[in-house]
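Protein chains: 2
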Amino acid sequence: MIQNDLFLRAHRGDSIERYPVWLMRQAGRILPEYRAVRSKLSGFKELVETPAFATEVTVQPVDLLDVDAAIIFSDILVVPEAMGLPYQMIEQKGPWFENTIRSQEQFALLDDHIDVQDRLWYVFEALKQTKTALNGRVPLIGFAGAPWTILCYMVEGKGSKTFSESRKLLYTQPALAHRLLQRITDVTIDYLKGQLAAGADALQLFDSWAGILGHDQYVEFGLHYIEQICQALPNTLLTVFSKGAVASLPEIGELSCTTIGLDWNMSVPLARSLVLENKTLQGNLDPCVLYGSTDLIENETKKMLKSFKSQRHIVNLGHGVYPDIDPEKVKVFINTVKNYEISNFDNA
Amino acid sequence: MIQNDLFLRAHRGDSIERYPVWLMRQAGRILPEYRAVRSKLSGFKELVETPAFATEVTVQPVDLLDVDAAIIFSDILVVPEAMGLPYQMIEQKGPWFENTIRSQEQFALLDDHIDVQDRLWYVFEALKQTKTALNGRVPLIGFAGAPWTILCYMVEGKGSKTFSESRKLLYTQPALAHRLLQRITDVTIDYLKGQLAAGADALQLFDSWAGILGHDQYVEFGLHYIEQICQALPNTLLTVFSKGAVASLPEIGELSCTTIGLDWNMSVPLARSLVLENKTLQGNLDPCVLYGSTDLIENETKKMLKSFKSQRHIVNLGHGVYPDIDPEKVKVFINTVKNYEISNFDNA
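For the record, the sequence lines run as chains A and B.
Mind the numbering: the first sequence is residues 1 to 348 in this note's numbering, read in order.
Mind the numbering: the second sequence is residues 1 to 348 in this note's numbering, read in order.
Think of the hints as simulated: they come from the structure by calculation, not from any bench.
Some clues are possibly wrong.
Have a look at the derived ranges for each label pair, beta carbon to beta carbon [said to hold, decoys possible]:
{"no.": "1", "chain 1": "A", "residue 1": "128", "chain 2": "B", "residue 2": "323", "range": "58 to 64 Å"}
{"no.": "2", "chain 1": "A", "residue 1": "105", "chain 2": "B", "residue 2": "84", "range": "32 to 38 Å"}
{"no.": "3", "chain 1": "A", "residue 1": "174", "chain 2": "B", "residue 2": "32", "range": "26 to 32 Å"}
{"no.": "4", "chain 1": "A", "residue 1": "309", "chain 2": "B", "residue 2": "90", "range": "22 to 28 Å"}
{"no.": "5", "chain 1": "A", "residue 1": "44", "chain 2": "B", "residue 2": "294", "range": "15 to 21 Å"}
{"no.": "6", "chain 1": "B", "residue 1": "32", "chain 2": "A", "residue 2": "106", "range": "56 to 62 Å"}
{"no.": "7", "chain 1": "A", "residue 1": "323", "chain 2": "B", "residue 2": "323", "range": "27 to 33 Å"}
{"no.": "8", "chain 1": "B", "residue 1": "278", "chain 2": "A", "residue 2": "307", "range": "52 to 58 Å"}
{"no.": "9", "chain 1": "B", "residue 1": "277", "chain 2": "A", "residue 2": "35", "range": "52 to 58 Å"}
{"no.": "10", "chain 1": "A", "residue 1": "196", "chain 2": "B", "residue 2": "41", "range": "43 to 49 Å"}
{"no.": "11", "chain 1": "A", "residue 1": "91", "chain 2": "B", "residue 2": "109", "range": "32 to 38 Å"}
{"no.": "12", "chain 1": "A", "residue 1": "115", "chain 2": "B", "residue 2": "41", "range": "40 to 46 Å"}
{"no.": "13", "chain 1": "A", "residue 1": "294", "chain 2": "B", "residue 2": "235", "range": "37 to 43 Å"}
Some residues of chain A that are not near chain B, with every Cβ distance over 10 Å (derived) [claimed, not checked]:
{"no.": "14", "residue": "50"}
{"no.": "15", "residue": "122"}
{"no.": "16", "residue": "267"}
{"no.": "17", "residue": "300"}
For every residue, glycine included, the Cβ atom is placed at its ideal position computed from N, Cα and C.
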């Protein structure tokens, strides 16, 4: 049993005493305790691939920031690597893939019918160890990249401002794009089922590059595969975070998931008008607010909380916490949420 | 007199026989003739600062692609440089400023009351020479960066994925941000008036980083200053292109300008429902369509054209043309627009 199950109740739409709060990228560079672990290792990937270390940094924000949920420390790019496309994480630069998938021939070089238990054992083991370490204090979130975002990295081979190679593929080789997206989707379903089996209480799909596609393309190449994942995981607490896809919010609201993540550019009232009350909204304070004074953080956080017109909310930032944010400022944000008295909504 | 004034008529909402078409970044790297000029020079800035060369590459797409408007070859960063913040354009990397504005002290180091005629003489001279070279064939567009986008570069000092330093300033030093935005606005008004005096037939404001601000901040720190510029330039054909600001389209539609630029993520019918028929819409084909086959380009272009429900449209891409696009594909796009028979709209 989970002692603090506020996050799970808000996900399900059950009654809550206050809004639950956690932060995307809460396990990471903002914490000196994280940097201490990281400095002992050869690199980012050693941390991701060593369950004991991944567990340690996953639990840190629960101990240090008192968040209402833990999220497993990992990387969305473990999936393409498991599919046969290894990557490196280059300091100050980001991910880099030696090989990319831009042709049928390159696609054929990917490993077919992979055993995710074998290839991604370290994530499942980290989840198990984290569950033990958390000892039921708060729920544990597992995650994966959404298929479109994973395709972006597999085609581009690195980060990009426009991901024009990936978007080019949709026009020049749509059948190949669909084949690759389907392969990613199948692996991701296996991977997420494995995470649930290893103890994840809830899941989140990150579609970081949703916003670079126009509406129709995002429906065809993005949401179609996300919905497959949702349907393959019935009775699961699943959050879909399609960053920048404000134009597709009506369709996102129709997905078979429980919660919709909002970025800081999405207006909460507008999102609620497009996403019915049968789903929870998660977000969406501008992460730059945490650069501000204590007063500013309190005021902006309260302004956001007041814009909520029901209990179906999980509080988060609208993007991962930026690396140079002072953890004390994060605590101001968290405490403001915890001290906020939730209204007696007529519709709650 | 302008021989082909289709662009001007569509801007004003006058009757047109067919939709006018041009491309953002049409004068540039896609053309071998541009690269030939560029290769003779020390760098990008020599091209920007030498009127004869800027004129030559501005006219190239009129000669080679037969577009319905020319846009002066220049850079939005000439404005911060004129204000006392010089930049370099580093190959493969983009702009870089040695100094940035993040404090009142740094702001105080900017040059006050600058004479734009003196500092930006080379842009005005390029406009004059281009007018002569065009000899009235098509209209000439002048442009500037919108104040928020210029602030982003002055604060960040280079490109960024998040522009978190700039967004931080809005929370931590809003008064300084407003002071800087006002200064940029005042210089930009002088600069654009100078461009009109030098022969520009129409103007465009590029707000490339509009989309990284939430709605309320974009209204306060973005649109407020754009509206000042619009009001300072009455009876001017002015296009505002706020890339990514789909959530602010209702307010953008209220600006005192004649035309609204749409990026490729913005749905034309949705945009039209938010921007009344008293304004022209410009855009918005996904630039990645031009990677496709002739058939694909024709079909996607026609699909866009069919979505227009009035004559108040100027055709363009939804972003600058990408540097590795084949100019022959650009011609397919342009010819498809030119051969498209405009409907007899009831409301036209």
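Hint check results:
no.	hint	result
1	A:128 - B:323: 58 to 64 Å	violated, 49 Å
2	A:105 - B:84: 32 to 38 Å	violated, 54 Å
3	A:174 - B:32: 26 to 32 Å	holds, 30 Å
4	A:309 - B:90: 22 to 28 Å	violated, 49 Å
5	A:44 - B:294: 15 to 21 Å	violated, 45 Å
6	B:32 - A:106: 56 to 62 Å	violated, 29 Å
7	A:323 - B:323: 27 to 33 Å	holds, 31 Å
8	B:278 - A:307: 52 to 58 Å	violated, 32 Å
9	B:277 - A:35: 52 to 58 Å	holds, 57 Å
10	A:196 - B:41: 43 to 49 Å	violated, 60 Å
11	A:91 - B:109: 32 to 38 Å	holds, 33 Å
12	A:115 - B:41: 40 to 46 Å	violated, 57 Å
13	A:294 - B:235: 37 to 43 Å	violated, 49 Å
14	50	holds, 28 Å
15	122	holds, 28 Å
16	267	violated, 5 Å
17	300	violated, 8 Å
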